[in-house]
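Turn these sequences into a full structure, and let the hints steer you where they fit.
Number of protein chains: 2
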Amino acid sequence: MTTANLETAAPDPIRFVGQTDGHLVLIDQTKLPVELIHIECRDVETIWEAIKMLRVRGAPAIGIAAAYGVVVGMQAAADKPMAEFESRFDEVVEYLAGSRPTAVNLFWALDRLKATFAAAKESGKTTAEIHDALLAEARFIHEDDRQVCRAIGRHGAELIEPGNGILTHCNAGGLATADYGTALAVMFTCQDQGKEIHVFVDETRPLLQGSRLTAWELVQRKIPATLICDNMAAQVMKEGRINAVITGADRIAANGDSANKIGTYGVALLAKAHGIPFYIAAPISTFDLSLPTGEGIPIEQRDPVEIIHGMGKQTAPSEVQVYNPAFDVTPAGLIAGIITEKGVISPVTPENVAKVVAG
Amino acid sequence: MTTANLETAAPDPIRFVGQTDGHLVLIDQTKLPVELIHIECRDVETIWEAIKMLRVRGAPAIGIAAAYGVVVGMQAAADKPMAEFESRFDEVVEYLAGSRPTAVNLFWALDRLKATFAAAKESGKTTAEIHDALLAEARFIHEDDRQVCRAIGRHGAELIEPGNGILTHCNAGGLATADYGTALAVMFTCQDQGKEIHVFVDETRPLLQGSRLTAWELVQRKIPATLICDNMAAQVMKEGRINAVITGADRIAANGDSANKIGTYGVALLAKAHGIPFYIAAPISTFDLSLPTGEGIPIEQRDPVEIIHGMGKQTAPSEVQVYNPAFDVTPAGLIAGIITEKGVISPVTPENVAKVVAG
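If you read the sequences in order, they're chains A and B. Take the first sequence: its position 306, counting from 1, is numbered 298 in the numbering used here, and each next residue is one higher. Take the second sequence: its position 82, counting from 1, is numbered 74 in the numbering used here, and each next residue is one higher.
Heads up, a few of these hints could be off.
No copy is singled out in the list; a pair is fine if it fits within one copy or between any two copies.
[As the list claims (entries may be wrong)] Below, in silico cross-link-like pairs of lysine-lysine (PhoX-like), each with a Cα-Cα straight-line distance of 20 Å or less: (1) LYS334 <-> LYS72; (2) LYS305 <-> LYS113; (3) LYS334 <-> LYS305; (4) LYS347 <-> LYS106; (5) LYS305 <-> LYS23; (6) LYS264 <-> LYS230; (7) LYS113 <-> LYS72; (8) LYS44 <-> LYS23; (9) LYS264 <-> LYS347.
Note that these hints are calculated values from the structure, not bench results.
The structure is reproduced here in structure tokens:
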């Protein structure tokens, strides 16, 4: 789990070093792209702070960090009697749950560790054995996400021809996951296969995840990449430089409508106008089959300061109204295919979604 | 010419105070939107610096400022004999021509003053009378541009219904002209007519003319305005909040293809996808009938630092490639109408362009 990625020079975003007395190493994403700083987390407080302050971000990455956070947090009670060990576990889990209360994957990971603890205790394991079981579960969550990313990359790479230009929006890369990410997994896999590609990266206002994170990941892996402002995508398409658009997704309805970072819907429309296929790359866990269509997905409004104060400097009059939706929903009809770890859903119909998600 | 705009609280972007011994007052656009600073230009050097440092920008505004710059520059030779007066004139014109050598309107305005000087001298006028003639010509250029803006506003306002939402991109406002601007002239005229509208403003990366200038102009005039990032335009259209898109243009070919700030073409495609009419507002002087189509318009590439260093802070890795086109070309087929001072060209065909431009 701690071996470096040998295909490329890119550092692992999350790395656990050692056994139950080990420590977690995270890339401080708030310092990118200017500095590559690794945080050595030797206590649960450091991990809590890293999640809280978005030093680690992206749903899968938060879940993985929290799982290792529990292992590190239990070190303080490693030689204590069972009652004290168990009370410490509850305390650590509750503490980590407060780091980012809106992150679904955080709770999902903590619940898995709770189930692991309960099962291990039930079967009469010692505190040391329970601690081992918690580490094994954290490693399983980590490895499972890695495998999901790699499978998405393999399925997506089949859609790409040598020499293709690919446009992506926001950051659906390794930093948000255990390893290869979702949309970027396709690019990384093409590189592993020796398939030459050129990636165009929307900077993705207001928070610039494209410039800060995606461009950084591509530069790290030496994949030819060109950064553009969001409003340049249409021009690049018109010039014939884009053969496919691939983005991630935050939530996908049963009919394939996909919520993703604001701007994705516009890019999908521009792709359609230029006859370019638009793909979503996302794990099966992104599907929410309780939603028949994307109509039901609420669109969070974010702080106007992100737009008015740009990058820490005021660039608009304070009196102007601001609309700052975090997401938009791309209708299934604009999506040529949804690339999952189980294969590509295409055409995107409720039947095909059900088949792949359930299958 | 020096009366304040009585319809609104917005300050005149360019104002000449007094007679030939008077001075020019400019808004320092580099300080917007945070501060409203007026520069009192009492010598030609101050005007030269204002043009050079983009304190005054926008093709018509540069021409007007340069014309008044000649008047102010001639004050140093006001009581000199004709030979000295004439030599000072040549010096002032040459000096101002060096302030922004790529600005076409700068040379156009200086050429008009040269013709005025020659005609006045030819007809036997004194130096004081020639100085008067130069001021009269500068005022004519200023007033002519004001009338053009007002006429564009009147023709455009006929296309807008009460309660309409209008999207605009970049800054085609009063700051760039004598007065009402081009695209914004339509909004200002609607307000003068008591027609309620709501304007959505694309921030317009990389240089944020939408946030910095357009939002400021609308706030000054108390026109309801909402600032969005460029990648939010599609979502606002999908929500049914936009009834028309209006932008300016930098150059228009004989068939109506229009070059304008990067991002305009994408907005036109998004408008089409949502069944929203897309209009260009521009004076007749913007047409270049020597170009049969927009294919011939060269697209200037700008400094990557505008994208990588956002607003003075590094937001992308320095190693990433950058594509930073200043303009794009919107094909005539996407334009519902071109709003000029002589009326609206619609449908946009070579025949209709020729009729209005020549007519």
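TODO: Hints the structure violates: just list their numbers, smallest first.
DONE: 1, 2, 3, 4 and 9
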